[in-house]
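Assemble the dimeric complex from its two separately framed chains, guided by the hints.
Keeping their order, the protein sequence lines are chains A and B. The working numbering numbers the first residue of the first sequence as 4 and each following residue consecutively. The working numbering numbers the first residue of the second sequence as 1086 and each following residue consecutively.
If you are wondering where the hints come from, they were derived from the structure by calculation, not from laboratory data. Virtual Cβ for every residue (Gly too), placed ideally from N, Cα, C. Treat the hints with care, as some may be off.
To spell it out: a stretch of chain B is covered by chain A in this simulated footprint if at least three of its residues, at any positions, have a beta carbon under 8 Å from a beta carbon of chain A; those stretches are [to be verified]: (1) 1468 to 1481; (2) 1520 to 1529.
With a Cα cut of at most 20 Å, we get these calculated SDA-like pairs of lysine to any residue [claimed, not checked]: (3) B:K1164 / A:G326; (4) B:K1156 / A:N323; (5) B:K1156 / A:Y276; (6) B:K1156 / B:R1167; (7) B:K1212 / A:H275; (8) B:K1156 / A:R69; (9) A:K388 / A:D404; (10) B:K1212 / A:F122; (11) B:K1156 / A:F122; (12) B:K1212 / A:R116.
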Amino acid sequence: MQLTRRSLLARSALLGCSLAASPLVTPVSFAAAPWDTRLVVIILRGGMDALDVVQPYGDPQFAGLRRTLSGGPAAGAADLDGFYALHPGLAPLLPLWRKGELGFVHAVSTPYRDRRSHFDGQDLLEAGTAGLGEARDGWLNRLLQQTPGTDARTAFAIGQERMLLLEGAAPVSQWAPGAGLAMSPQAERLAALLMEDDPLFHAALNDALELTRQDMSLGLEEGEDGSPDGGTMGMMRAPKGEAHAAIAAYAAGQLRGDSRIAAFSINGWDTHYRQAGGLKAALGRLAETVLELQRGLGPQIWGKTAVAAVTEFGRTVRENGTGGTDHGTGGAMLLAGGAVRGGRVLGRWPGLAEADLYDRRDLMPTADVRRYLAWLLHGLAGAQKSGLEGGVFPGLAMEEDPGLLL
Amino acid sequence: MQFDGDLAEIRFGAGLSPAVAPPESAAEMLSRLQGPDEMAQQFPVSRFEDAVTGAAAFRRLRRQRRQLDGKPGYEAADKAYREFRRAQNHDRYGWHGQRLLRHVRTRDGLRERLVLFWADHFTAQGKSGPTRVLAAPYAESVIRPHVSGRFEDMLIAAATSPLMLMYLDQNLSAGPGSRAAARRKRLSGLNENLAREVLELHTLGVDGPYSQADVRQLAELFTGLTVSREDAFVFHPGMAEPGPETVLGKTYGGGKPELEQVLSALRDLARHPATAQHIARKLVVHFLSDTPDPALVSHVAARFQDSGGDLVQVYAALLEHPAAWEPQLRNVKPPFDYVASACRALALPETRVAGLRPGQLNRLLLAPLTPMGQRWEFSGGPDGWPEEDAAWVTPQALAARLRWAMAAPRRLVQPLPDPRGFAAAALGGFANERVMFAARAAETEAEGVGLILASPAFQRR
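Only chain B is shown next, with the shape it has when bound in the complex (with noise of 0.2 Å):
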């Protein structure tokens, strides 16, 4: 078993595009993660710096509106706000838009998916109003720019995002020692919720080697990390819980509070063999199957470990492993992933997208999303998307699907390819006779696309 341009595409990158020709070596897809970002270029999306200025503003008008209930002017304060409420939504539906629009162009797959992967690992989301568009601009600027880098620096760039600090109530602990709290009574106290994901979910895994005391140890080191008035990240010293911390058996800190004493802990973290078998298993899981071979994860996890987690070279562990190429198509397509390969084997055209209304664009392509299974940047919890298949194949959300796959390509792209024609372009040698059958024996085109989509081969990778 061995490289596939094809299986590459579809398992590694965006999937078959009639359009742009899939990657000839594992060596061109690593050396093309590690060039320029064209896509991020080309379809930009706003930097988590820029968008989260967005959070004051919408606190601001809220708050005059409050300020000015039952008074002269309220009518105003009101309109402003739902109008700065809308230009939030509309601009996180143009986010998304230019998302599915790099899947569509991009020659350099590997790194939309392993945004998705590690975005989906740093699960932050905004949980109320002010926050609620922030997860794009979060994936664009907090996790993208390290896809390529070491984990340690991506896991210390999520730690201390602003968002991740808000979605965690990491910028509400302050340790019960703190001057903070004792200044202040209704600073909650410690709160673990940061400290015990960063274990159980970013670094070590759930079965990984720590205990209650850990968590607790780490929440006190964690202590100062919070956010400004201007929603930016600061290391607050007052908030810190005073002493040492001893996590996993080593001591952090003890003088002056300091930031440092708290990254160290994180690098220490990252580089623990735990997380590399975590990370590992996370990634094979991901990329090929619900059952890893486990020969592929301990492959992956050694060169984890041994290059400090360098994530390029991880990714190479994977690709130069014969596992990878097993032909069968095995996972099935998250709603996201879904949707956007299917855009991709369409050729959807820049323009069409551009020229849809927000509220359209939603409609067609992420509201679907929902009954699907996935809402979308507002998963259950902070460990993100399932990686199970029968997670996503249910009757409900296999039933969305369908749905999606039957009437929206006619909407999006005119006229529609034949269905002979996409069957190829969609699946390449992955189109199996049953494909083929489907694709001549529809009554309509749209039928003929819908049932290509729909076809267990387009929907596994």
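Next comes chain A alone, as it looks inside the complex (with noise of 0.2 Å):
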């Protein structure tokens, strides 16, 4: 292969973890990290029904929406504020909440509006546009795209979802822990062998066996199973549920190093049937993340961690038929960390008479869930208003600061 200027640019754009480890380019001292905070963006891909994880049982229409999804502290919720009580799903994280480092910002949307696709929904979210189609690059990469000092290490997206918020011009790195090489000793020296004179490929070679023996020195490696296959076929499979825990872990070993943001998915959250069940084994996923999160964080970075979990929308604001719900407008997303300013469920609440609702159905947006991004970019990242306005969520407008941050 020839090596260009172009080829090399375009695959450090594309794994800049690559770069350190990589023969073809004269080792460099890293400069050090732009910022010292951290935040890690969990999408919640599916659309999580707000109304069921952070239940406004202080609203006099709520009940009444709910046929068997009830809420409430009788229904065995953990009253947050006399207006608001979280989903039992979420109760790991009740600690957090006393502490003030868990917080909830209620019905927020992006700009997104009554088509309901969750491909349009997400792609709207991860671009971080006001409408689809104005941007091929995610607004976390725009973020890096305009802060001097960055590097491909600077942020992580983990796990096989494909990431678009973090994809861009700005090199990033990514990695799914346990979806490494266990190969066989002889195999691995072999494929070192054929790859050697292909710079490319040797270079991607390595650094996924240094990726592979740091998730093994974290314990994700993928064991033998006892089926004639081995591990190895397992490892060809997209991930299922229990990757969570892992990615968690796995963001917070990098996120102890040079990494400053960490990106990555939780599935799960379509619940249009027996929504009671579905919605609880998602909270857990969910909750497990946040303290494994803080777990592997340990003390002192946690208490400069933001996590905000966002979703591309809500849910109908009514039950359906069929114990869940169906694809709606204005959701909420979650706070966590040391670094936030939590015990508190911030947005304005619109209300659930017929009349408060979007198109008669769903929970209506009062803010736009970008604003409170863009200030958490402000006060993690020292991002300026006007390339945040500007770059990072083009036309929003930031108005005034919501105080998310410690």
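Written as structure tokens, this is what we have:
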């Protein structure tokens, strides 16, 4: 392969984490990280039902809208502030709430309206633009593009899900823990030999093997499962729901090092059917993820960390006939971490009376979720308002500071 | 540098096979391409017109299920809906198997490669449940019949395909001054999506000589292109913006809105010199190198222009140029091509694919493409899959390729071939010393076969 400046640039843009290990690049010392706080963005794919997670049991309309998905303290939810109650699935996070390290913003959404497609909704959430098709990169990548001193290790996309919000011209790293290369030592040596004279393959293989070794030191390697194929076939499959804890542990590991931003997905929020079971399972994964991040980061780094979990849209305020809810509009975001000023449910509550709803069916969004994300980036990464409103979230009006951070 | 059969099969075809001889000349490749489509007959995939009827059935079952919500009969409606969805997914896996078998068995590998190339150039995907399985039937009926025809015919077929119209929201685009917009407030008005992508991706290219005003005018000209209730293409004059539109300095329409005005603009765009340049460069990048030889691009572009976009002549220009036959293998195969060429090298038997249950087929041959970076038929956007080698050789994607290469072959073919013989079958004259050494030194047959498939010599073309 001919190594050109262009191919090197293209390569470094995609897998900058290879640069350090790459034999092609004269070893350089990476500049110190551009800032010291940590940000974790979790995309909750499928559309989380905000009304069942942070239940507005104080709203007089609430009880009548949910026939089997009854909420509030009477149904086992933890009272948060006399108006909202927290779904029991997030009960493991109550200690964080009490310490002020967990909060929510209710009735937020992206500018996406009416079509209610996961595909478009997630695209818009990750693009960070006002409308679809206005940008081919993601908002976190645009933050990196406009921040001097970042490099490929600054931000890490984790897991096998595509993370559009981190894609773009700025180099980022990507890896799925547990997706490594469990080869015999002999096969490993021979693979290295085969790729030795092809710089592109050689560098990627070295990185893959190095990242696999990191996985193993974190205890994330695929175990032999006793089947004739051992662990190898298992790794060909798309990851299942259990991957979340491994991903959180991996994110914490990278954030303890040079990384400042980690982004990944938790799936399973599209609860059209028997939501009681499905949502509980999904919230359990979310709670474990947050706690694993807290544990893995340790008290000192957790103290300067903010976790933001966002979803493409909320769900219908009325329960459907199958014990679930359908695609809606207004939703909620979760904030956690030692750096957030939690113990509060923020956001202007629109009410649930028929006239207060969006399209007479969905929670009315009273704020743009990007506004809160922008303030997080402002507080954590020192991004300027002009760059946030002009580049990261084009056309957004950030308005006054909601005071999300300590 | 001149024609080489092994290289022709690797670079312009489906890869080497122990069972199918490589072509003997460029003339043979072009003649097969213009002959009968043997593989489409032997391994059929549903035609778009048939498969698209499933979209209406999907919506009907979904509606019935919703209407019975909380009422008697719901369980049956829910079951019918779920079973229909599952059957659709199984159809999709089956089509994938058929397409792989075409790659395994074909003597006309260039055709299969061109179908992939053009289906990617004119990327159209289902965005929601009713249409999400339609990408393969779209490639089958909209793209495949045109790969040896004229570019403008393929452009028109793609731009008026219901899947494209829905994918790029053209079906909802109504002229602000149209009767439909006056009558129905909910119509979202003009949507520029398809017009922009036709200019930027399908014809002139992103650096082409067009302005935002051209996009807007073309979008107004496109109003009226939509789909019927049965998901068939229709031109609906009531949605069309009245008055003439001027695109790249030429005025179309003005009288009664007619489809012919749109087709006329598409033909002009197809014949534009910037389109010749854009398509020529894209072909050379796709088949040869991320950094294309400018002389070769000019040669191919000139033939495109001179022949009025006669695609067989365009391919002939590519194949006759000495730069096409540089022996160094360069481009990295994208995941679908990688897996398909591995199946061909393994001579994956038709009976084995037929014997796989749908879920097995998915796990062995379709789902593994996702961690390799190619969630098949769901690329990130209308610009399709990347061409840059570096996009495919990331640590994570390379690990996924190696895992597949080590684990899948023994599940597909039994007994596995002897790695030493397999190296020659898979790579012909490109089996270098490192590959032969690895084939001899591997501890097991599975590792030997896996290492050969993992070698850059097999992953590049």
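Output the numbers, in ascending order, of every earlier hint that fails for this structure. Checked against the structure, the only hint that fails is number 11, while the rest are satisfied.
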